[in-house]
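Chains as they are written, first to last, in the working numbering: chain Z, 1 to 571; chain R, 572 to 832.
Be aware that a few hints might be false.
[As the list claims (entries may be wrong)] Straight-line alpha carbon distances no greater than 20 Å define the calculated EDC-like cross-link-like pairs of lysine to aspartate or glutamate that follow:
id, chain 1, residue 1, chain 2, residue 2
1, R, Lys698, Z, Asp225
2, Z, Lys559, R, Asp746
3, Z, Lys76, Z, Glu281
4, Z, Lys559, R, Glu608
[Stated by the list, open to error] For each label pair, taking beta carbons as the anchor points, the in silico distance ranges come out as:
id, chain 1, residue 1, chain 2, residue 2, range
5, Z, Gln19, R, Gln605, 55 to 61 Å
6, Z, Trp128, R, Gly661, 41 to 47 Å
7, R, Leu587, Z, Val96, 49 to 55 Å
8, Z, Leu481, R, Tyr797, 31 to 37 Å
9, R, Gln605, Z, Glu260, 53 to 59 Å
10, Z, Ile38, R, Pro601, 42 to 48 Å
11, Z, Ile38, R, Leu581, 42 to 48 Å
12, R, Ala612, Z, Phe85, 45 to 51 Å
The set of hints was computed from the structure by calculation and includes no laboratory data. All C-beta atoms, glycine included, are put in the ideal place defined by N, C-alpha and C.
Residues per chain, in single letters:
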Amino acid sequence: MLDSIRQKVRIPPWEELRQKIYDRIDNRVRIITAGLSIKELRAVLRGDPPTERPNPRYRVITTSFVAHLRPRYYPKAATWFTHTFRLGWFTTFFFVVEVITGLILMIYYVPHPDQAYQSILTIESNVWFGELLRDTHRLGAEAMVIFSWLHLLRTYFTGSYKGPRTFTWLTGVILLLITAWLSFTGYLLPWDQLAYWAVTVGTSITESGPGVGPALNLLMRGAPDIGAGGLLRFYLQHVVLFPLLAILFISIHYYKVSREHGISLPASVEEGDLTPEEKKEHNRRIDLIPDLLTHELFLVSVGIFIMLVILGFGLFNSPLETHANPQQTPLDTKAPWYFWWLQGMLKIDPANIIETLLGYVGIHVELSQLLDSKFIMGLVLPPTLVLTLMAIPYIDRNPSRLARKRPFAITWGIIWIFIVIALSFMGTPAYGIETPAATRIVQDLAPEEGLGPLRAIPYAELQQGAYVVGEDYGRDLCPDLVYQPEPDENPDKLVIGCPALTTVFGEYSDRLLAAEDEGELPDLQAQLVIEEWQPDLKKVTTHIEWSDPDSGEVKTYEKHFFLHREREYSE
Amino acid sequence: MKRVQLEILLGTIFVLLSMGILIYLGFKEPTRMQDYERIQAAEQIEFGAGLFEANCTRCHGTQAQGTALAPCLRCEELFTTRLDEVGWEGSLEDYVISVITTGRQVSTRPELYPGGGKPAMPTWSEKLGGPLRDDQIRAIAAFIMNYEGYALGLVPTPEGVVVEGADPGRVVFSDTGCTACHTISGLSTATVGPVLDGLASRAGDRVPNLSAEDYIRQSILDPNAYVVSGFESGVMPDNFSEVLSDQQLDDLVNFLLTLAE
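Produce the entire structure from the sequences given, and follow the hints as far as they go.
And the structure:
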């Protein structure tokens with residue numbers, strides 16, 4: 001029967017058939033890869049030279065849309081790791097990470113004050129890989145800020161903003177602002193205390209602006225206070241407006257690098273005294289396909305791996321404080337760390353400084369009415385700094401890019417790094433904010449948000465009782481207590497007494513007694529009371545009484561904390 | 572090995588390792604989510620405990636034991652017969668949430684509470700003009716539900732801690748519901764009844780022939796016998812003789828006598 005079929009249908013010999021199939025597949029592969037044959041693809045992956053002439057790898061760049069955005073090649077010296085450190089590349093990488101994770105998070109997030117916080121809890125507790133997604137988004141955001149700053153510093157110190165790249169630098173500064181604003185708008189979205197107050201303080205800066213200030217503040221907040229309207233405005237800026245702007249400016253910024261002027265050569269290559277051979281080697285073409293592309297894919301795998309290691313092993317956790325509460329200002333309001341420098345600047349009062357300086361030379365003036373410090377430090381100085389940053393290539397007329405030929409620029413850059421670090425330190429709550437002794441001691445013992453030593457005490461050690469500061473309890477507060485710290489994993493392990501509680505109470509007592517000695521809390525009477533409150537719930541009361549040093553009046557500071565057995569703090 | 576090959580090799584290894592981490596995390600996800608929910612439930616009870624103390628204790632007592640004004644929320648009755656009594660079809664937690672949200676226009680047990688149960692419980696939801704958000708109300712309900720162990724005797728109710736130096740009358744004052752209506756600086760803020768700061772200095776002059784102590788005692792046990800001008804009669808519960816033991820009454824009177832100008 002087979003023979004009869006063979007007679008009716010002519011089947012070509014095997015070799016011919018094989019060649020036909022191969023040609024068909026090869027044709028498909030050429031279409032998909034925009035110009036590379038199977039053979040060529042193999043050569044690419046092995047790092048072999050091109051198999052055909054003209055070089056089909058360049059054909060890809062003309063025919064493929066995605067590839068045509070890329071350069072055909074870079075000169076070798078421009079790809080030195082120690083020249084760029086891949087900082088701009090990684091900034092873009094994190095932007096892509098943000099877009100991908102952000103799009104997924106948008107499925108679950110609800111931009112309304114009634115539900116925003118709950119939706120974050122749902123993402124964390126009820127979505128597969130939800131915590132990883134949120135952490136990746138947060139870590140990626142912080143990394144993007146860090147890398148864009150580092151990229152800026154690298155460009156500054158290698159003098160790469162000069163020559164044909166002046167406008168590229170300007171778009172870079174705009175991208176830095178977009179990055180900062182993207183991460184600041186995202187800061188509000190969890191709708192926790194951290195978010196709410198950081199943004200309230202942040203937006204309040206605009207209020208001091210002359211004329212349009214209050215209107216601008218209203219425009220941003222959507223109401224006199226941030227509420228449903230403000231959250232929606234921040235959300236839309238975060239997920240629509242600024243991502244689009246970022247894509248636009250990344251395109252401009254990158255296209256200039258890839259198609260117009262390339263990555264700058266290291267100054268030592270561009271201006272240095274090199275032999276023709278060295279020059280030739282440094283300018284040797286490094287092609288996009290395969291060298292740059294495999295390198296970038298390699299960097300992607302490294303980036304993802306490092307992020308997964310950091311997040312998979314809990315080295316980074318996105319903070320989530322308690323639900324936003326407009327009625328309760330937290331003790332320590334903190335801006336995101338990359339805005340600490342701005343917060344630090346706001347603590348400086350220029351009128352006061354000028355008055356003091358003039359006072360030294362005998363001139364006494366009253367400037368505080370004239371110079372509103374919030375307006376100057378918040379609305380005048382930062383934009384001036386940003387404009388100066390943008391204008392650097394136009395201000396700096398020194399044609400050389402070699403570090404030793406531009407000592408002034410290099411010194412200036414280093415000084416600014418130190419200024420920003422100092423301002424950032426001043427921006428932390430540790431600087432320039434004084435809290436009454438009793439409040440501070442209790443806040444350090446059990447902060448409004450997060451763990452603190454009190455909440456870190458194992459539940460079993462919270463032995464009911466009233467512990468009086470100054471009384472001698474011997475070596476341990478609960479000598480009769482014995483408990484198993486790990487009843488499931490390690491039932492033989494026993495803890496005798498309550499070492500953690502004893503330590504915490506000791507610290508609490510020491511600090512209070514020290515404050516009494518220093519005259520801050522005279523006639524101190526203080527207690528730490530632990531009560532059984534409910535099944536698996538204890539109440540801890542810190543009660544502090546003292547006579548006010550000025551008026552002699554008896555003052556009381558009492559705080560109540562509820563600690564549940566199941567509560568573990570992720571820190 | 573060429574650089575391209577090395578990078579492809581290392582890249583593949585990193586991708587495989589990343590996938591390994593993801594698979595490892597994937598296996599842990601169900602437990603992680605469970606743990607998160609458990610911790611969240613614990614945090615909710617802690618949060619609710621604070622809110623209960625700030626908002627509810629003035630009428631329901633510092634430990635939800637109930638006062639002359641409002642019922643006990645840690646007693647067996649709430650966890651056993653209450654739902655049938657009011658004809659609620661849903662869960663007890665939903666019932667509690669509903670009561671906190673809307674409050675009560677009229678008491679369901681006017682015979683138990685003074686004034687025929689008026690005013691009854693106020694509304695608490697911010698949607699109905701109260702001060703609390705939905706998540707706060709849910710947290711308070713979670714806290715009340717956590718009393719079940721004590722209420723049904725599943726967990727032995729512990730003895731309270733005696734704070735040295737605490738005035739027993741002050742404890743009676745805050746535990747009996749007095750704080751719901753009367754202000755004493757540092758203890759309560761309420762304006763339904765007269766402010767009690769400096770009470771001892773003026774109590775003796777209110778009614779002829781009544782010493783400060785007798786006047787205070789009478790005001791507690793028979794509040795309508797003398798009503799300070801500016802306040803209505805019939806508002807203060809008149810059942811404290813049943814609510815307070817003799818010892819508690821003495822402690823309370825002694826405490827109020829310390830409130831001199």
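Structure-based check of all given hints:
no., hint, in the structure
1, R:Lys698 with Z:Asp225, "holds (18 Å)"
2, Z:Lys559 with R:Asp746, "holds (18 Å)"
3, Z:Lys76 with Z:Glu281, "holds (7 Å)"
4, Z:Lys559 with R:Glu608, "violated (27 Å)"
5, Z:Gln19 with R:Gln605: 55 to 61 Å, "holds (60 Å)"
6, Z:Trp128 with R:Gly661: 41 to 47 Å, "violated (31 Å)"
7, R:Leu587 with Z:Val96: 49 to 55 Å, "violated (21 Å)"
8, Z:Leu481 with R:Tyr797: 31 to 37 Å, "violated (53 Å)"
9, R:Gln605 with Z:Glu260: 53 to 59 Å, "holds (55 Å)"
10, Z:Ile38 with R:Pro601: 42 to 48 Å, "holds (44 Å)"
11, Z:Ile38 with R:Leu581: 42 to 48 Å, "violated (25 Å)"
12, R:Ala612 with Z:Phe85: 45 to 51 Å, "holds (46 Å)"
Checked against the numbered hints given earlier, the structure breaks hints 4, 6, 7, 8 and 11 and satisfies all the rest.
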